[in-house]
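First residue of the sequence shown? That's 2 in our numbering, and the numbers climb one at a time after it.
Just so you know, these hints were derived from the structure itself, not from any lab. There's no promise every hint is true.
Simulated DEER-style distance windows between Cβ atoms [what the hints assert, rightly or not]:
1. Trp409 / Ile29: 49 to 55 Å
2. Ala64 / Ala497: 41 to 47 Å
3. Ala92 / Ser364: 21 to 27 Å
4. Ala94 / Thr115: 37 to 43 Å
5. Pro393 / Phe56: 16 to 22 Å
6. Ala497 / Glu55: 53 to 59 Å
Note that CB positions come from ideal geometry on N, CA and C, so glycine has one too.
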Amino acid sequence: MVATLVRLRLRILGHALRRDTWRLVLLILGLLWGLSLLPGLAGAMLWLAREPAEFATEILVVAGSLVVAGWAVVPLLVPGMDDSLDISRFATAGQPARRLAPGLLVAGALTVPTLVTAGATAAPLLIWLRHGTAASLTAVAGAVLAVVTCLLAARIATGVSARVLASRRAREVGATVGVLLAVLAVPGVVALGSLGLEGALEKVPTVARVLGWTPLGAPFAAPLAAAEGSLGEALARLGVALAGIGAAFALWVHLLGRALRRPVSRGGAARRRADRIVRGLRRLPRRPGLLATLAVARRGARYWSADPRYLSALLGAVVTPALVVVLGSAISDTPGTVALGAGAFVGGTLGWGRHNDVAYDGSAFWLHVAARVPGWADRLGRTLATLVWALPVTLAAGVAGVALSGRWDVAPAALGAAVGLLLGGLGVSAVASATLPYPVPEAGANPFAAQIGGVGASLVAQVATSTATFLVCSPVLALAALTVWREPRLGGATLAVGVVGGVVALALGIVLGGRLYDERAPRLLARLT
C-alpha cells in the first residue's frame, strides 16, 4: 500500500507539473531556496561544534522545538497543504484508515518543505561527528524522529482544525478556548516583552532543559547524553520522541477513520427556518442597488460565521500578526515599537486578505450575474460584510499594541496606520477580486489545502495586490513611522490621513472595482465554474 500511494502521489505531481508551468517553476525555485540555506546552516553547525556541547545542545533543542511547533502552526496560518491524496478520496476504496495511514504519511513527505526540514534536522550531525559513533548514530535517529514528528504535527493540526471549523458546536467551543488562551497569553506576552533580547537569551538553558524531555526537543537533546556516555538517558529521550510519534500516529489514524466515515464536507441535520436575509430587506424601499448591497452583505456575514474557508482565513489573518508581534518583541531591542505595529499588521492582513473574495462563491456566482447585481453594490456589500467585524478587531489590536508598548503619546498614529491599512487594503481587494481571481478550495473541501492549478495566477495576484496595498497606504505608513521615531506631535495628522485617506481609497476601489465587475461579470463566471 505504501508503494502504491507513493507512485500515485508522484504520478499526480507529474501531471500537475506538466499542466501548470508555474507550479514547476515554483518547485524549482523552492528547491534552489532550500539548497541556498545549506551553506549557512552548515556554517552555523560548524560554529556550534567549536562551542561547548552543552551550549550547542541548548540552541539545538530550542531551535528544533520551534521547527516542530512551526509545522503544526504554519499550515493553519498559511493554507497550502497538498491534498491530492486527501483521505476523503479513498472513502469508496474499502480500505481501513490504519492501512492507508503509513502510505499517506510517506507520500505526503515528498514535498520541498519536508526535504528542507530533513536537511535542517540532519545538519547537527556535523556537531556530533567529533563526539563519537554513539552520538552520531543518536543524532541520525533523532533527525528521523524529528521529521516524522513534523509531518504528523502538520496533519493533526489541519485535520483537527478542519473538523472544528466544519461543526457549529465545535466552532463555538473552539472560539471559547481561543479567547481563554488569548487572555492567558497576555501576561506571557507582557513578560516576554519586558525581558528583551538579553533576558530571553538568559532563559534559554531553562527552557531547553524542559523541552529536552518533550517530543518537541527530545530528538535534539539525546545526542549530548550519548556523547557523555549516558546511553540509558539517550535511549530514554529517543523513547520520549518515539512515544510522542506513536500517540500522534494513533490520533491521526483516528482522525482519518472519522474522515472516511463522516467526511468534513458532509452537512449536518437540515433545519427549516425563515430566510433571514430576505425577511429583513422586505421592509426597505424598493431600491435595487440598496437591496442588492444589503443582501450581499448579509450573505457575506453568514459566510464569516459558517464557512470553514472564511474562518481559516480569519484565523490566519489574526493569529499571524500576533505571532509576528510576539516574536518581534522577543528578539528586538525595542519591543515597544514592535508592539505598536500590532494594529497595522492586523488591519493590513485583513484588508489585503479579501483580494480573492469572488473566487469563494464558485458556481454560486451565477446568481449575481443572473440577478444583474450592480457592480458597486456587489463590491460594497462584500466590503461591509468584512468591515463590520474587521474594524473593531483592528482597533482592538491597535489599542492592545499601544497598551503593551506604553506609548500612549503615539496612540493616534498607531490607530491611524491600522485603519488606513484596513481600508486601503479593502479598496485594493475590491478591484483585485473583480480582475484577478484564482482557484481556492471548493465549498466543503479542506480549507487548509492548496487548489491544484492556477499557481501562476495566484502568484501574480498576491504579488500585485501586496504591492498595490503598500503603495496606497505608503503616506500613512510614512507618517506613522515619523511620528513614532521622530515627532510624536504628528499623531493627530497620522490619524486623519489614515481615516480620510483610507475612506477615499476604499470609495475609489469600490467604484473602480464595480465598473470592472460590470464589464467582466460573464468572464468572471466562466473562470469560476
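Results for each hint:
1. For Trp409 and Ile29, the Cβ-Cβ distance of about 50 Å falls inside the hinted range of 49 to 55 Å, so the restraint holds.
2. Between Ala64 and Ala497, the C-beta spacing of about 45 Å keeps the proposed range 41 to 47 Å intact.
3. A hinted range of 21 to 27 Å for the beta carbons of Ala92 and Ser364 is consistent with their spacing of about 23 Å.
4. The given range of 37 to 43 Å is broken by Ala94 and Thr115, whose C-beta atoms sit roughly 25 Å from each other.
5. At roughly 47 Å, the beta-carbon separation of Pro393 and Phe56 lies outside the given 16 to 22 Å, and the hint is violated.
6. Range check, Ala497 to Glu55: about 56 Å between beta-carbon atoms, so the 53 to 59 Å window is met.
This entry does not satisfy hints 4 and 5, going by the numbered hints stated previously.
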